[in-house]
Amino acid sequence: MLLGSLILSACSGGRGVSNNWHGLTADSERAYLSDGTFVYAVDLKTGKEVWHFPPQADSKMMFYATPVLTADGQLLIGSAGTKHPFYSIDSATGKENWAVPFTENKGAWLASPLVVNDRIYAPNTDGFLYTIDMNGKSAADPIELGGALWSAPSTDGTLLYVTSLDHHFHVIDPTSGQSKTPIDLGGAAPSSPAVGDGMVYVGSFAATVEAIQANGDHKVIATADNWIWGSPILDGNTLYYADLDGKIYSLDLASGKQNWDTVQPDGPVVASLLVVGDQIYVGTEAGTLVALDRDGKTLWDKTVGGKIYTTPVLSGDLILVAPYTADFILAAYDAEGKQAWIFTPVAAK
Amino acid sequence: MWDTIIIHPMTNLLLLIYDLLGHGPHTFGLAIILFTIIIKVITWPLNASQVKGAQAMQELQNDKEWQEIQKKYAKDKEKIAQEQMRIYKERGINPFASCLPTLIQFPIIIGLYQSITRALSITPFDMLKLARTIYPFQNVEGIIPLNSKFLWMDLGRPESIQILGFALPTLAIIVALTTYIQSKLTMPATSNPNDQSAQMTGMMSIYMPLMLGWFALNFASGIAIYFITSNLLGIAQYAATGRANWRNLLPGGNKQTVKKK
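First to last, the sequence lines map onto chains A and B. Each residue of the first sequence is one higher than the one before, counting from 134 in the numbering used here. Each residue of the second sequence is one higher than the one before, counting from 3 in the numbering used here.
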């Protein structure tokens, strides 16, 4: 029994949150990467660490959400450990600006917040959407949506759109805090909606893409062969999305038809796609970064290593990829797929 | 291999029970309890065999003849081993009867733990692993994500109740208490003060409750529900076989007079 307990201890993932892939964002000079114990700022020119947060590891705090950079230089992220404060970090120095402690009974932070009009809208796995001002003070009563909230809200500038793992899509008026009748998507929705031209597009584990109007009218406009995990990407009149079978879809919203038959790189796709100019970048679970053109033709592919679950990010001329379970946690590629640098942390002190 | 043989079937059984119960609020807690009962029933013969074997070995430690042999051949370990085998043979004791079932149960215990953790899927990566675990016949879209609420608890997180501003870890306390009771009840009375086996069992009855209590304090409360159900069923099993030593719950209750053979 003692041996069993030790094995349980060794193999357990039961502590608040066990493990997860990275969250990645960037500005013109730095990449900001959550890697469990620490959040790193990495210089984009050199691929070297600028700072990490917190200064010392705390086993009760874990960071997996994608950090959000505000216009005034704050980097926002919450902890997904057994302690789950929500932090504002000075993106220049890595020092803490402020922290909202939240008590032990609040859920972990897996979703990124959305910042609109000096308000931070932070979805939590406890099913509440919290509103915080830019100084870390509560700005409104939390809105109970239900289900675990894993993704950042989207907005059209007026309303907030929030997906939940309990299969529901929520429309919220941030001025009143009122939530309209939620829409049942038929499956868990782990990613943010795409918003454009008066419509909202949501993918879900029901393997469907729903188009939703602000008045609540909605319909399934496309399907997939497996769960849709990443956010659909709206680019002009085309909606790009992928599924766990590794199929990439390009939906012409005008005709409602797919632009190509089968485009399927070498592994399941969890991350959202990155659409830049005429290229579509795909990170696969097989650890490959693939560049497609608008016709779905492979321009190049590079073996990054590990498993790519984090959405690639573009900064300047670099495409940033944060593989999971690789020997490094961040790699930078140019538009032709040539590796510029890799980053391996040395902060685990 | 491990996943295919142990984790996948167990996780799917857990999810099937959850689905059959209606996958509403509180049903995952009930599913864990039912799941634990099913596993306990399946492993009942193993547990019974383990208890019987452990009792026989423990009784041997208190046996007058065996104690005299140990004293007589204290300097001849080979002779002691021969005499030990003779006694095993004469009394039909299988020395592996107590440890073999335990070894067989290890995969089940570890599998149970991992299945519960996987089913709860508290991170996207856990959810991705769960997606690869579920059999095609399951109502996947309908049951995922699992409703982790059970009574006042979120089964995916450590449990505590706020009392006067203090977070009281009630489940951890119950886990420690039931583990202590179970280990005390299964501890045979001993008359031999030098019985190393009894000393070790005594130490375990202190360490195990603390260790499992620590698990319950720090890990998902769904695991604590499993520990508590398993402990209560274990206590019931010992009581049903008439082997529960209730006197052990009292201070100094594990002493007995020497049996003469």
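Among the hints, a few may not be true.
Which stretches of chain A does chain B cover? Using the computed rule of at least three CB atoms under 8 angstroms from a CB of chain B, they are [said to hold, decoys possible]:
hint	region
1	240-247
2	273-279
3	319-333
With a straight-line cut-off of 27 angstroms between C-alpha atoms, the simulated DSSO-like cross-links for lysine-lysine are [claimed, not checked]:
hint	chain 1	residue 1	chain 2	residue 2
4	B	Lys54	B	Lys42
5	A	Lys471	A	Lys435
6	A	Lys193	B	Lys151
7	A	Lys239	B	Lys54
8	B	Lys131	A	Lys193
9	B	Lys81	B	Lys91
10	A	Lys270	A	Lys216
11	B	Lys81	A	Lys313
12	A	Lys228	A	Lys216
13	A	Lys178	A	Lys193
14	B	Lys66	B	Lys54
15	A	Lys193	A	Lys216
16	B	Lys66	B	Lys77
17	B	Lys66	B	Lys91
18	A	Lys178	A	Lys239
19	A	Lys313	A	Lys352
20	B	Lys77	A	Lys216
21	B	Lys66	A	Lys216
22	B	Lys81	B	Lys66
23	A	Lys239	B	Lys66
24	B	Lys91	B	Lys73
25	A	Lys239	A	Lys216
26	A	Lys390	A	Lys178
27	B	Lys131	B	Lys151
28	A	Lys435	A	Lys181
29	A	Lys380	B	Lys131
30	A	Lys435	B	Lys131
By construction, these hints were calculated from the structure, which means they are not laboratory data. From the three backbone atoms N, C-alpha and C, an ideal C-beta is built for every residue, glycine too.
Exercise. Starting from the hint list further up, note which numbers the structure goes against and sort them upward.
Key: 2, 7, 11, 13, 18, 20, 21, 23, 26
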